[in-house]
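Build the full structure now, drawing on both the sequences and the hints.
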Amino acid sequence: MKLTVRDLAHCRAGDKGHAVNISVIAYDSAGYDRLARELTEERVMAAFTALADGPVTRYDLPKVKAFNFVIEHLRGGGVTATAALDIHGKSLSSLMLTIALPGNEPS
Amino acid sequence: MAKSSVRIGAGAGFAGDRWEPAIELIERAGIDYIVFECLAERTIARETLTRRQNPSAGYNPRLENRMAEVLPACARHGVRLVTSQGAANPLGAARKTCEIASAAGIQDLRCAVLLGDDVTELVSAQPDLRLLETGDPVESIVPRIAAANAYLGADGVRDALTTGAQVVMTGRVADPSLFIGPMLHELGWSYDNYGVLGQASAAGHLLECAGQVTGGYFADPGVKDVRALARLGFPFAEIGADGTVVIGKVEEAGGRVDVQTCTEQLIYEVHDPTAYVTPDCVLDMTGISLRASGRDRVAIEGAVARPRTPTYKVSIGYLDGYLGEGQLSYGGPNAVARARLAGEVVRERLKQRGLHYDELRVELIGIDSLHGSADNRPEPYEVRLRVVGRTPNRRAAEEIGWEVETLYTNGPSGGAGDLRQVREVLAVQSVLLPRELVKTRVEMVGPL
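Chains as they are written, first to last, in my numbering: chain P, 1 to 107; chain Y, 1 to 448.
It should be emphasised that the hints constitute simulated quantities derived from the structure, not laboratory data.
There could be a bad hint or two in this list.
Said to hold, decoys possible - In silico BS3-like pairs for lysine-lysine, Cα to Cα no more than 25 Å straight-line:
no. : chain 1 : residue 1 : chain 2 : residue 2
1   : Y       : Lys224    : P       : Lys2
2   : Y       : Lys439    : P       : Lys90
3   : Y       : Lys224    : P       : Lys63
4   : Y       : Lys351    : P       : Lys16
5   : Y       : Lys224    : P       : Lys90
6   : P       : Lys16     : P       : Lys90
Values in this document were obtained by computation on a predicted structure and should not be read as measured data.
Listed below in structure tokens is the structure:
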């Protein structure tokens with residue numbers, strides 16, 4: 001079984017106009033350290049290529065064991081208004097949770 | 001005389017929010033203020049269009065019901081109310097509020113109305129201003145502008161409170177600023193006291209979406225459980241004159257306030273956490289730590305403010321064509337294949353009829369409508385076809401729903417439960433306006 005973000009963290013997505021921000025909040029310090037190494041901007045961009053042109057920027061908030069990912073240029077409908085069902089991108093936190101990390105789950 | 005602390009409740013996190021938790025806060029949390037934040041990005045532009053049809057409307061459509069329930073509780077407990085329910089018509093909203101107060105037997109209720117956020121004329125008169133999102137000049141959208149509103153700061157809210165009015169009614173004010181206004185007023189802080197504005201902004205930011213910090217938008221059953229979500233309480237903050245901040249909820253209310261819920265809300269709708277720009281300051285969140293300080297109590301520490309920018313952010317709402325949509329469901333054996341065929345048929349028929357769209361999405365709710373398609377997802381038992389197109393032409397938009405409906409007799413077997421709709425699109429872009437161009441003022445509306 002691959003370890004996913006959901007095993008280590010919880011997430012919330014928010015609307016930033018043409019971008020979406022998704023927090024990734026580790027349950028503990030070990031999870032934070034592992035996510036800091038493995039949940040790179042490239043890995044997140046790869047999971048969102050069908051939905052956004054990017055770039056993806058990661059901001060680190062170690063004091064609250066969290067990361068803020070800002071994913072820019074969500075596709076569909078130009079800059080400011082989209083035909084998508086999820087017009088704000090709020091459901092995208094759940095896609096973040098599915099991202100698999102390179103290592104295996106410890107048994 | 002300045003107080004040593006003030007307690008402020010969040011009564012709403014968006015225009016249509018519930019108000020039972022607000023009444024619970026007023027009655028049981030010992031709060032001094034209740035703040036109803038009721039404006040999303042497009043709300044004012046949409047209410048401006050409503051006001052064009054009916055000049056006495058244009059404020060929050062739930063205001064009448066909400067105020068009728070909330071004002072008597074505020075009067076009984078001596079709680080002052082601050083709200084952005086004024087939307088595109090703060091004066092009209094204030095008059096309606098005074099009318100509701102009289103009808104409820106509340107004597108002498110006065111509303112202080114904060115005006116000046118509506119900069120539609122100012123922006124329209126500066127065609128060379130650059131839109132932040134596209135870089136195009138404002139000129140490119142001027143004929144289609146519905147409304148342009150500046151995000152006003154906490155100083156305007158403080159000025160309105162100085163009048164002694166029980167209710168402060170506003171249009172566009174930055175969400176945290178609605179909460180910082182009462183802090184400035186009660187704690188004797190100067191508007192340039194950046195030593196406390198960071199903590200104040202963090203408190204306002206955590207409160208602005210109400211239930212989202214007390215366990216709303218949080219539950220993932222079995223993983224992140226929330227007690228009594230149906231009875232979700234709203235938050236309050238206790239802010240000390242020295243800048244201490246504690247977030248809490250009423251003990252009997254459902255939900256939870258802990259480091260996890262507060263962290264999710266801290267980073268909500270944030271871009272660069274070292275520079276969260278509000279009209280009051282530039283907040284650096286990266287020094288913030290959150291500490292459980294009791295049951296359903298979280299202390300916020302370490303927020304740092306840098307001086308405010310010389311500009312106000314202005315949101316411009318403008319008309320940007322139409323979205324036409326049709327939906328139809330398929331269930332049982334081969335449901336996905338039948339729904340996909342239906343989608344192809346609609347796309348082909350729209351083309352045959354010479355209808356063109358700037359964007360046409362054909363997707364299956366249950367498969368690929370939220371996160372796009374992926375190979376490894378199981379096929380669901382039932383799916384819902386969704387066809388949606390964007391066009392400047394209203395009739396072309398309407399035809400999408402009609403075309404989906406014809407699948408009943410002209411499409412694959414077993415389609416059911418059609419829906420069609422057309423929406424006029426309100427797009428939003430932003431500009432920055434020098435502060436000195438935006439003139440705010442406070443107007444009083446007395447007992448009616």
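Which of the numbered hints above does this structure break? Hints 2 and 4 not satisfied by this model.
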